[in-house]
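Novice: Last residue of the sequence shown: 764 in my numbering, with the numbers rising by one and none dropped.
No wet-lab data here; the hints were simulated from the structure.
Where hints are given, some of them may not hold.
Said to hold, decoys possible - Here are the simulated distance ranges between beta carbons:
1) Pro158 - Asp506: 19 to 25 Å
2) Asp506 - Ser732: 45 to 51 Å
3) Glu570 - Ser430: 31 to 37 Å
4) Asn300 - Asn497: 31 to 37 Å
5) Ala603 - Pro158: 19 to 25 Å
6) Ala277 - Asp393: 57 to 63 Å
Claimed, not checked - Restricting the straight-line Cα-Cα distance to at most 20 Å, the calculated cross-link-like pairs of lysine to aspartate or glutamate (DMTMM-like) are:
7) Lys143 - Glu185
8) Lys143 - Asp216
9) Lys143 - Glu215
10) Lys143 - Glu94
C-beta: ideal position from N, C-alpha, C; glycine also.
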Amino acid sequence: MTRTTLLLLALLLTAAACGDPTPPVDRPVADDDTGGADTDDTGGSPDVAADTAEPDVTPDVPQPPACEESGAGALPDGVEWITVDGLSDELIAFSDGVFSREVQGDFGVYDLNRLEVYGANGFYVDGRATVVGAEVRWKNLSRQAEPATVTAWPDFGSDGFAFDVDHPIGQWSRCVSEADEGAWVRYAFDVPIEVVEPGYVFVGYHRAWVEDEALRGPELAFENHQQEAEPFFAGARFPDWDEETYYKGLATSWYTWQVRLAIVRGEAVPAEAQRFYRAEDLPAIGARVAFGDVDNDGLDDLMTSGPRLLRNLGDGRFEDVTGSAIPGGVVNGSSGGVFGDYDNDELLDYFGEGVGEVLLHNNGDGTFTDVIEGSGIDDLQEVRDCNGDGMPERSPTEGAAWVDLDGDGFLDLYLANYECSSEFDSYQNYADRFFRNQGDGTFVDAGAEVGISTALHAGRGVTVADLDRDGDTDIFVSNYRLDPNFHYENQGNGRLRERAADLGTQGDRVSGAYGHTIGTAVGDLDNDGDFDLVSANLAHPFYYHFSDKTQVLLQSGNGTFRNDAERRGIQYRETHSNPVLFEADNDGDVDLFITCIYAGRDSDFYENDGAGFFTLRNLESGLVVQNGWGAAAADIDNDGDVDVAASGLYLNRGLGDGHFLQVRAVGVGTNTSAIGAVVEVRANGRNQLRAVSGGSGTTSQDSLVQHFGLGDATEAERITVRFPYGESVTIQNVAADQRVWVYSDGTAEVGWAPPRPPGG
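Please construct the entire structure, taking both the sequences and the accompanying hints into account.
Specialist: Okay, structure coming up:
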């Protein structure tokens, strides 16, 4: 629960304790005077003066505004009502004076009863629809008809209670009076609201505090019930409350407003027309995921949190083989990890992160042995005392990636460490660690030697790729807690230089803060021949003004990056977490999928137009995950389209897509995983780039097989693979719709399974 929600749960007090003991005064109204006009003494005609006199109204009392109705039309047929109320029978309003008058904020003491407020329910519309009206219950009504206005606002962050007060969608009025007190008043929207993608529509009202009671007007009623957990559906915004701290004042979940929403359903997208569908018979998938072919059968297996190993059966199904493959089954509660052949025996090994790490050596017979003891990877630190016992302790690792930093052909390991979250050293961060592979199965701590920053930032994810395409592998670290990100540029000799500030990738510093970056993905978004980045940031709506939102970092010709997320079509979501860039529809560009953490939060699937501009396609794609974290992509059934794992497995239907080509780079005798290689395919007169990565996002891993969409091209003009610290290998005129294995010795073969067995 957010801090602001906890704050307001304590504010509701009884009227007897905190309300004004003086009863409210009725508003003055004009006398009806229907009981008889003045007459002369003879009973004749009415007195002339009486005919021409002003109405009998107290002279100095302001009158309510003229009442005009813009929401009084009829609703269309086929209306469906979305309701969130009904959890309490007690109706209250600010005019009842039930809130504390002395709420201490960061910048003052506030009386909620007298504050300006925007209040609305957040209605989640789960498909195409037209919002045509609403029903509302009002309080504090006068005996004379007066306008009561409802307003619709767009979503702001998708938390169910924050909405964009600066850009109202529409306003509608009805004339209400005392007789309507507590009754449902219906509004018909003369200009309906079209919903094309699932999301929130907010409907409610705005009250600007007026000292004169006669001018305060109707109050939107709310029932005495407030949610205590996500997903929220009612919110209030107080623009004057600690506006120095919060974006446009305090935004919080609220007591349930008395508003209901009327929609007319649009045409549904048939399930068979959605690109992705969830495989229901899959064993449970944990928070983080990594794809890797552990048995060299040409099918990507899946390791998930635990660690738990799911063996690919080849038909879209997986079998949980953890019990037989990993001694003792689930080990140490590893929260995720990455595959890499650290001993160059042509079998993928696995590092699992957490507070207790595992290093699973692949035995080649379907089993693994945990060799973390004696490997030199201990991650013990004395800089923090999170346990409070004064003893050295293991760091909580959130990000991990394999990388051959120095070009010796052996994979090294970078660990991005997080923070202490106990009462001891609370929210204090740990140092990152870098372990150099000695080539004999052991590792040595070499962070200081290679130039790892001594700044203690809250690491969340590690992404490795040759970002500047100079032949060696660079490291990007996603940092949380408003810390700047790390962008380590490899100097070509195995030493790193941290250049995030120079290159424009640390985040946008505002008021001394950066962002809560959770994961970062690398890809050539606009097909211009260089690598770009997508950094997913969690950004709370009430800290919107200084916290980084998700960034689309486009690389320019001089190697620097600029954030162009908003112009590129990326919508603001509070809890963006793990981005994945992958070819979803074989049209020759990478599309974007981003998970969102927190209950009830939808993920986002964006379709790329080929020039790096994105359109949200959640409804059409069928790829919607709620409360997601890690995510990764692979063609798990070798049918020529890419599938996605994210709290479940989502299979790609293909839908008549164009041709494709898959490339698996293989190091011969050295860095057999080819992590750090750059693969380039030219087809249809344009180039596409992919990076073979040893980790991305928040410790997730896509397939080592690189998938390229060719559209209507039946062959690629060429494939070029540049191995890290090695030569480039180019293959000409390659037929489409197959997998090509490109070896660092300059040879290439085709086949779904490895053409050369381990050691062959």
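Novice: Would you mind marking each hint as holding or not holding in the structure?
Specialist: Checked hints:
| no. | hint | verdict |
| --- | --- | --- |
| 1 | Pro158 - Asp506: 19 to 25 Å | violated, 37 Å |
| 2 | Asp506 - Ser732: 45 to 51 Å | violated, 28 Å |
| 3 | Glu570 - Ser430: 31 to 37 Å | holds, 35 Å |
| 4 | Asn300 - Asn497: 31 to 37 Å | holds, 33 Å |
| 5 | Ala603 - Pro158: 19 to 25 Å | holds, 22 Å |
| 6 | Ala277 - Asp393: 57 to 63 Å | holds, 58 Å |
| 7 | Lys143 - Glu185 | holds, 5 Å |
| 8 | Lys143 - Asp216 | holds, 17 Å |
| 9 | Lys143 - Glu215 | holds, 18 Å |
| 10 | Lys143 - Glu94 | holds, 12 Å |
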